[in-house]
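Colleague: Listed here are the chains, written in short residue letters.
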Amino acid sequence: MRRRPSANPPLSDLGTLLQVLWQFLSLSLFSLGGGNTLLAEYHHLAVAQFCWLSNAQFADLYALAEAAPGPSSMLVGLLGLGASWREGPLWALLTAYGAEAAILLPSTLLMVAACLSWKRLEHSPWRVAFERGMGPITLGILFAVGLKILRTADTNAPGVVVSLVVCVLMLRTRLSPLWFMAVAGVLGGLGVINR
Amino acid sequence: MRRANCRLIPISCMTEPAAAAPPIPLAPPPSLVQLFWGMLQVALSAFGGGLSAWSQRIVVEQRRWMTNEQFLTGLTVARLFPGPNQINMAVYIGADFHGLAGALVALAGMLLLPFTLLMAVGLAYFQFHGIPSVDRVLAGVVAAAAGMALSMGFKILDQYWSDRVALLLAAGVFLALTVLHVRLIPVVLVAGPLAMAWYWPRHPASP
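Quick note, the sequences are listed as chains A and B, same order. Here our numbering is used: position 2 in the first sequence is 2, and no number is missing along the way. Here our numbering is used: position 178 in the second sequence is 178, and no number is missing along the way.
Next comes chain A alone, as it looks inside the complex (with noise of 0.2 Å):
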C-alpha cells in the first residue's frame, strides 16, 4: 500500500503519530463556544506546521464537515485522513478515528466531571466568572476564524461577494446553510467561482 515517499514525515513514523495526538488532545481544552475557536489552529497544524494538505483541500474539507450532518468538529477526523493519505486508506482511517478520539476526549472527561459536580459548581463565582469572561474572548477568536477561513477559500471576487451574501442570509433568514451551499456549487459548477 506504501505510496512514494515524501519530504514530509509520514504518520506510519509512531513518533509523528503521537505528536499529531498530543496536539489534538491540547487543543481540546480550548474549544470554546461549542468548538469552531478550534478552525484557525487546525488550519495551522494540517497546512502551516505539519504540510499535510494544501488551502484549498483544507478548504474543500471545512466545507464537507460543515455539509455533512452531525457535529462539524469531525473535521478533525477529515484532517487525520488527509494527515496519512499517502500512506493508505486503512492507515488513514485509523488515524482519522485516534485524531477525532483525542480532540474529544479531554473535553469529554471534563465535561463527566462537571455533570457529577454541577450542584456545588452552579453558583460559584468561578462558573460565573469563567462564563462572563470567556464570551468576549470567543467573540475575537470567531471573528479571527471567520477570517482565516475566508483567506483560505481564496475565491475570485463573484466568490467573495457569494461568501458576503451567505453571511447575511445565516444571519437575517433562517434558511438550511445546505441549501445555500448547493447553490454555491452549481455557481462553482458553472464557471463563475473559481479560485
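Read the hints as simulated data drawn from the structure, not as lab findings. Treat the hints with caution; some may be incorrect.
What the hints assert, rightly or not - EDC-like cross-link-like pairs, simulated, lysine to aspartate or glutamate; straight-line CA separation at most 20 Å:
id, chain 1, residue 1, chain 2, residue 2
1, B, Lys155, A, Glu131
2, A, Lys119, A, Glu131
3, A, Lys119, B, Asp163
Unchecked claim - Chain A is nowhere near these chain B residues, computed Cβ spacing over 10 Å in every case:
id, residue
4, Pro25
5, Pro28
6, Ala53
7, Gln56
8, Arg79
9, Pro84
10, Asp96
Unchecked claim - Far from chain A, some chain B residues (derived; all Cβ distances over 10 Å):
id, residue
11, Gln62
12, Thr67
13, Leu104
14, Gln159
15, Thr178
Computed from a predicted structure; not experimentally measured. Using N, Cα and C, we set each Cβ at its ideal position, and we do this for glycine too.
Keeping the supplied structure of chain A fixed, place chain B upon it in accordance with the hints.
Modeller: Leaving out everything else, chain B in the frame of chain A:
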C-alpha cells in the same frame, strides 16, 4: 441504578404549582444499551440538521429519560464547558445516568453513523478531488462555507454591543490572533484570567 430513586422523587416537588399539566412520570433510567440506541436515534433524526432540537424531542418527550428542566440544565453545562455543544450534551446525558461509561456510550451512539459517513465522503474526496469538474463545484461550495464561518462572530456580537470592556477584550484577542499571529492557546491563557478577574462577581446577590 443508585440514581434511579433520586431521579424519580424530585418530579413532584420540582413541578411548580403553576404548572397545570399533570407531571408525566419519567421512564426508568436507560441502560447502557438503551442509551446507545437513543443517541443513535438522535443522530439519525438530525440528518437534516437541528441536532439539539432532536435530542430534546427524543430524550425528553419520546423516551422521557429527563425532565425538560434537567435537559435545559444539561444544555447550560454543555455550552459552558469546552467541546462541541451537541457532543457535550450527549456526554452530559450519558454521564448523568452511568458516569464515565454512560458518557462514552452516548458519545459513540451520537457519532458512530455521522462520523463513518463523513469518513466515507472523505475517502472519496481524496480519491477524486483531482478531477477538474469536482474541483470546480467544490470551489463554489467553499465560498458558501466561508460565508457561514464569517457569520459565526456576528451571530453573538449583539449581546456584547453595550459592553465596552467585552468589545475591547474581543478586539484584543482578534488582533493578537490575526495581526500578531499569536497561537490560540497562549492568547486564551493570557486573556482568560484577565477577563475572569474583570467579570468576577463582586456582589454575590447581583444576577
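Colleague: All hints, please: hold or fail.
Modeller: Going through the hints against the structure:
no.: 1; hint: B:Lys155 with A:Glu131; verdict: holds (17 Å)
no.: 2; hint: A:Lys119 with A:Glu131; verdict: holds (16 Å)
no.: 3; hint: A:Lys119 with B:Asp163; verdict: violated (30 Å)
no.: 4; hint: Pro25; verdict: holds (23 Å)
no.: 5; hint: Pro28; verdict: holds (20 Å)
no.: 6; hint: Ala53; verdict: holds (12 Å)
no.: 7; hint: Gln56; verdict: holds (16 Å)
no.: 8; hint: Arg79; verdict: violated (7 Å)
no.: 9; hint: Pro84; verdict: violated (4 Å)
no.: 10; hint: Asp96; verdict: violated (6 Å)
no.: 11; hint: Gln62; verdict: holds (20 Å)
no.: 12; hint: Thr67; verdict: holds (15 Å)
no.: 13; hint: Leu104; verdict: violated (7 Å)
no.: 14; hint: Gln159; verdict: violated (8 Å)
no.: 15; hint: Thr178; verdict: violated (5 Å)
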